[in-house]
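Keeping their order, the protein sequence lines are chains A and B.
Our numbering applies: residue 1 is where the first sequence begins, and numbers increase by one.
Our numbering applies: residue 1 is where the second sequence begins, and numbers increase by one.
None of these hints come from the bench; they were simulated from the model.
Keep in mind that the hints are not guaranteed to be accurate.
Unchecked claim - Here are the computed distance ranges between Cβ atoms for each label pair:
no.	chain 1	residue 1	chain 2	residue 2	range
1	A	Ala91	B	Lys3	45 to 55 angstroms
2	A	Ile15	B	Pro263	24 to 34 angstroms
3	A	Arg83	B	Val275	29 to 39 angstroms
Using N, Cα and C, we set each Cβ at its ideal position, and we do this for glycine too.
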Amino acid sequence: MQKKSLTSRAFWVTIIAGMVTGMGNGSVFGAALMCLLGRGEFNDWGGWFGAAYDPSTFTGFIDACMILFGLMYVVIMVVGLKRHDALEKAAA
Amino acid sequence: MLKYLFAKNEDIPAGSAAVYWGFSAIVWFVIGTGLGSFNAAKLAFPDFVTGSEFFAFGHMRQVHVHAVIFGWISMAFGMAMMYITPALGNTRLWSEKLGVWNAFLWNVGLSLGLTLLWAGLTSGREYSDFIWPIDLFIAVFMALPLAINVWMTILTRRTQGIYTTNWFFAAATFMVIIVFLTGNLPEFFHLTGLTEAYLTWWFAHNVLGLWITPVAAAIAYYTIPKVTGNPLYSHRIGHLHFWSVVVFYSTPAAHHLMSAPLPEWLKSFASVEGVLILVPAIAFVSNILLTMQGKWNMFVENLEIRFTVTGVLLAIPLNMQGGFQQTRAINWYIHGTGWIVAHAHLALLGFSTFLEAAAVYLGLQSLMKRKLYSLTLGNMHFWLLLIGFSIYWISMTIAGLIQGAGKIYEVPYIDVVIAEHPYMIARWIGGTLVFISNIIWLYNMWMTARVGTIVPVGRMPHEMAYER
Numbered sequence: 001m002q003k004k005s006l007t008s009r010a011f012w013v014t015i016i017a018g019m020v021t022g023m024g025n026g027s028v029f030g031a032a033l034m035c036l037l038g039r040g041e042f043n044d045w046g047g048w049f050g051a052a053y054d055p056s057t058f059t060g061f062i063d064a065c066m067i068l069f070g071l072m073y074v075v076i077m078v079v080g081l082k083r084h085d086a087l088e089k090a091a092a
Numbered sequence: 001m002l003k004y005l006f007a008k009n010e011d012i013p014a015g016s017a018a019v020y021w022g023f024s025a026i027v028w029f030v031i032g033t034g035l036g037s038f039n040a041a042k043l044a045f046p047d048f049v050t051g052s053e054f055f056a057f058g059h060m061r062q063v064h065v066h067a068v069i070f071g072w073i074s075m076a077f078g079m080a081m082m083y084i085t086p087a088l089g090n091t092r093l094w095s096e097k098l099g100v101w102n103a104f105l106w107n108v109g110l111s112l113g114l115t116l117l118w119a120g121l122t123s124g125r126e127y128s129d130f131i132w133p134i135d136l137f138i139a140v141f142m143a144l145p146l147a148i149n150v151w152m153t154i155l156t157r158r159t160q161g162i163y164t165t166n167w168f169f170a171a172a173t174f175m176v177i178i179v180f181l182t183g184n185l186p187e188f189f190h191l192t193g194l195t196e197a198y199l200t201w202w203f204a205h206n207v208l209g210l211w212i213t214p215v216a217a218a219i220a221y222y223t224i225p226k227v228t229g230n231p232l233y234s235h236r237i238g239h240l241h242f243w244s245v246v247v248f249y250s251t252p253a254a255h256h257l258m259s260a261p262l263p264e265w266l267k268s269f270a271s272v273e274g275v276l277i278l279v280p281a282i283a284f285v286s287n288i289l290l291t292m293q294g295k296w297n298m299f300v301e302n303l304e305i306r307f308t309v310t311g312v313l314l315a316i317p318l319n320m321q322g323g324f325q326q327t328r329a330i331n332w333y334i335h336g337t338g339w340i341v342a343h344a345h346l347a348l349l350g351f352s353t354f355l356e357a358a359a360v361y362l363g364l365q366s367l368m369k370r371k372l373y374s375l376t377l378g379n380m381h382f383w384l385l386l387i388g389f390s391i392y393w394i395s396m397t398i399a400g401l402i403q404g405a406g407k408i409y410e411v412p413y414i415d416v417v418i419a420e421h422p423y424m425i426a427r428w429i430g431g432t433l434v435f436i437s438n439i440i441w442l443y444n445m446w447m448t449a450r451v452g453t454i455v456p457v458g459r460m461p462h463e464m465a466y467e468r
């Protein structure tokens, strides 16, 4: 029986480890950008529950960056693992 | 194991010291994360266990931090040094007896120090919380014997060159003694004010930068080539990593005090150096990931490789955060918030722990010549640790961002506390998963020692992982 592809076998570790890795980078990018732009009106601080994920608020924009970077890093890992899988299958 | 304390050196089986260090490390990890889970419960549910100063958060936090740093992480390092240093020198450990005594003294010193912290005897300085007699004990009876054993094993090696891992081991065991003796000068000589603040953070920064980070990386330089069978991608990049740690990581302590009235030039210098920490970080991550070429299937199939590569992946956000969170603008935002707590856990529970866990798995199986008792339990340990850590880190980072925004927008403090409450509960859940995962690990390794299948001569334990 042929083994499943590397990307499908590494699905969950790609999702979780990739997401955390990307979110870390996104947190830095988002925080740096919001520090550059500065604060807005009081109600835009974005601390309350769902507002913390609304990209139009101060906190929400950074959290959205984290999620976006996380997803992008998962995509990068999937592409990378796919290419390595092809190389390793060809070499086997 | 205690019977070897008074045995002749030649009568002690090779690897005994490493096994002692390894099991001690896992036990301290269970204790340390158990305390962490308890502390997180106190933050999530403020009425949880009140009325006794011994269970007050202020006491328990110090015990948790030191149990993890000097119990789990440092003893796992000791374990790795006891078996990797001689293996890379094609020789035996210089003194197995010194190694056993060293592990014994490490457990005694740490137990004493933590008991005193628990009782409220503390220097009151973060990370260098131990009182000065304990600091001296650590330097003389814990760190120095480890350094002597590592250096002498390297000096009596039977190989021509010194592999990158041993460069790091030799330098780190030397530097941790200097860090303890210099970083605690304020307590030895009653220094106060900015001098005390600076040296306190010099200690805290360099325990991370010259002990935990380089030794964890050194372990990966051994684990990945050893298990995959691939040679290290580049020794030269390894040397770049080593020397850039020496130059860039040892100097930026002032970036922990960006809001303090230190000289501005010192803060600017430290901040630039802080960004340059990305040099060793990129060298390390790229070197390890490129060593994986042609063996990426092992990322799924092999437990030690999965732990190590995950730890290396976590080094990416760790160093991106570490490099930039100390620049003036971002530091003004996130200083004193949960972000910092999350970042510290990314370093210690993410990056570092995953690399050390791989070394302890590999080392204990190889030294005891026994196959892992249960791969299922090993996988369960990995997943609970990863999921628990991820929940913890994400919730604390977001809580930190909320706290920082609350500071900038001058939101009433109690409102920030209420907004953070869900994240404190998530943090407790994540920390508890990590604690549970370590109980599983301890059971798995204990059973491996007792009833694990014996590995035939000439084979490595991980090669037999899927054989029944």
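Q | Violations among the numbered hints, reported as their numbers in ascending order | A | 2
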